[in-house]
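> Sequence:
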Amino acid sequence: MRFTPFHSVLLLSLYFAEGFPAGLMVHVIPPVLREHGVPLEYIGLIKMLAFPWVLKFLWAPWVDRYNLLQLGLHRGWIITAIGVVSGLLLWLGTMHPGHLGAWGILLFMLILVCLNFGAATQDIATDGLAVKLLPPPMRGWGNALQVGGYKVGMIVSASLLLMAIDKIGWGLSLYSMAAILVCCLVPILLFDERPLGDVSQTDERHQDGRIKSPVSLALILNTYLSFLRQPGMIYWVAVLLLFKMPDSLASGMIKPMLVDKGMSLSDVGVVTLMSSLVGVAAVFAGGGFYDRFGPRVCLVSLSLLQALALAMYSIVSGGATEMPVVLAVAIFEQIVDSMANVALFAMMMHYCRKEHEGADFTLQACIQVIISGAAGVFSGFVAKMLGYDGLFIAAGGISLLVASQVLHYFRMDPDAVREWRRLKEAPAE
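For the sequence shown, the working numbering gives the first residue as 1, with consecutive numbering after it.
Just so you know, these hints were derived from the structure itself, not from any lab.
Yeah, the Cβ is synthetic: ideal placement off N, Cα and C, and Gly gets one too.
There's no promise every hint is true.
Claimed, not checked - Between beta-carbon pairs, the in silico distance windows are:
no., residue 1, residue 2, range
1, Val-26, Val-325, 21 to 29 angstroms
2, His-99, Ile-315, 45 to 53 angstroms
3, Gly-232, Pro-30, 27 to 35 angstroms
4, Ile-315, Gly-83, 46 to 54 angstroms
5, Met-323, Met-412, 43 to 51 angstroms
6, Thr-4, Val-270, 33 to 41 angstroms
7, Leu-221, Leu-327, 42 to 50 angstroms
Work out the full structure: start from the sequences and follow the hints.
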C-alpha cells in the first residue's frame with residue numbers, strides 16, 4: 001500500500017485525538033480543581049492517574065492480535081477507544097468540579113484513569129498502524145505528523161478549554177471537546193485497512209481474523225523477550241534509557257526557575273505559548289532532516305544540540321531574564337526537543353517486527369517514559385542540591401554522554417544505518 005496524502009490526514013487526526021485529552025489532564029484539570037477549592041493533596045494525585053501510559057505494554061499484545069469488532073486489526077481498537085474516551089468526557093461534563101464531595105472526587109479521578117486507559121490503548125493501535133503504513137523513506141515525515149499532531153492537540157485543548165470554561169461553563173466545554181473527538185473519527189471510518197493484508201496473512205490468525213491461540217502471560221513474555229533478543233538491541237535499549245533523560249531532568253524546573261527569577265505568570269505563559277508553537281513547526285523540519293540524513297546523523301547531532309540548549313538555560317538562571325533572551329533560549333530548546341522526538345520515534349519503528357508493530361513500539365516508548373519520568377521526579381531535588389545553574393549545566397553534560405552512547409550504538413550495530421539506506425533506496429511498492 002502506497003502512503004498517500006489521505007494517510008497523512010489520517011495519522012494527524014489520530015495523534016491529535018491522543019493529545020486532546022492529554023491537554024485536559026495536564027493543563028486544564030489542575031487549575032480548575034484548585035479554583036473550586038479541591039485540596040492540594042487530591043490535585044497532586046492527578047499525575048499518578050496517567051499510569052496506564054507507563055503500563056500499556058502489558059496489554060499491547062492483545063491489541064496487536066485481536067481484530068476487535070471485525071472492523072480491522074487496528075481500526076477496530078482505534079474507533080472503540082476514541083468512542084470510549086468521548087463518552088467519558090460526556091460523563092465528566094456532568095460532574096461539576098465545584099460540587100464534588102470526597103466520593104465525587106474519587107469517582108472523578110476513576111473516570112480520568114479510564115480516560116487515560118482508553119487514550120493509551122488508542123496509542124498502541126495507532127502506533128502499530130503507523131508502522132505498517134509508513135515506508136522507511138517516509139518515517140521521518142510520519143513521525144513529524146505524530147509529534148506535531150499530539151502537540152497541536154494538547155495546545156488546542158489546553159487553550160480553548162480554559163477559555164471556554166470561563167465563557168460557557170464546565171459542562172458545555174466538555175461536551176464540545178467530546179464532539180471534536182468524534183469528528184476525529186471521520187478519517188479512520190473512511191479508511192480501509194484490508195489492503196494491509198496482515199489479518200489474512202499471519203499464521204496466528206484464522207482467515208476471519210480470530211486468534212488461533214489466545215494471548216497468555218507466557219506469550220506476552222515470549223513476545224518481548226524475542227524483541228529484546230534482536231541484534232544490537234542491548235545498545236539500542238541503552239539509547240532509549242538515556243536519550244530523553246537530560247531533557248526531563250531540566251524541563252520540569254524551567255518554569256519554577258523563571259518565576260523565582262521574577263518573571264510574571266503571564267510572561268511565563270507567553271514564553272510557553274511562543275516556544276510551543278515554534279516547536280510544532282520544528283517537528284516537520286525534524287522529519288525532513290531524518291529522511292534526508294538518516295538516524296546516525298540526526299541522533300548524534302541532536303544529542304549535541306540538546307546539550308547546548310539545556311546548558312543555555314544557565315544563562316537565564318544566572319540573571320539574563322530579559323524577555324528576548326528567555327524567548328531565544330526557550331525557542332531553541334523546543335526546536336531541538338521536537339526534532340529529537342521525531343528522530344527517536346522514527347528509529348524506534350526500525351525495530352518493530354511484522355505482526356508485533358504496536359507491542360514493539362509500545363515497549364520502547366514505555367522504556368523511555370519510565371526513565372525520563374524518574375528523572376523528572378528527582379529534578380527538584382537536584383535543583384535544590386546544585387542550584388538552577390548546576391542543574392542545567394549537569395543536564396547539558398549528561399546530553400554529551402548521551403551523544404557518546406549514540407555513537408557507540410552505531411559503532412556496535414552498523415547494520416542499522418545500512419538497513420536504513422537499503423530501505424530508503426528501495427523502490428516503493
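> All hints, please: hold or fail.
Each hint, compared with the structure:
1. In this structure the supplied range 21 to 29 angstroms holds for Val-26 paired with Val-325, their Cβ-Cβ distance being about 27 angstroms.
2. Between His-99 and Ile-315 the C-beta distance comes to about 47 angstroms, which sits within the given range of 45 to 53 angstroms.
3. For Gly-232 paired with Pro-30, a C-beta distance near 41 angstroms fails the hint of 27 to 35 angstroms.
4. Separation of Ile-315 from Gly-83 is about 48 angstroms and conforms to the stated range, judged on CB atoms against 46 to 54 angstroms.
5. Restraint check, Met-323 to Met-412: a C-beta distance of roughly 45 angstroms satisfies the suggested window 43 to 51 angstroms.
6. Checking the proposed 33 to 41 angstroms range against Thr-4 and Val-270 shows it holds: the Cβ atoms sit about 39 angstroms from each other.
7. Hint check: Leu-221 to Leu-327, Cβ distance near 49 angstroms, so the stated range 42 to 50 angstroms holds.
The structure does not agree with numbered hint 3 stated previously, though it agrees with all others.
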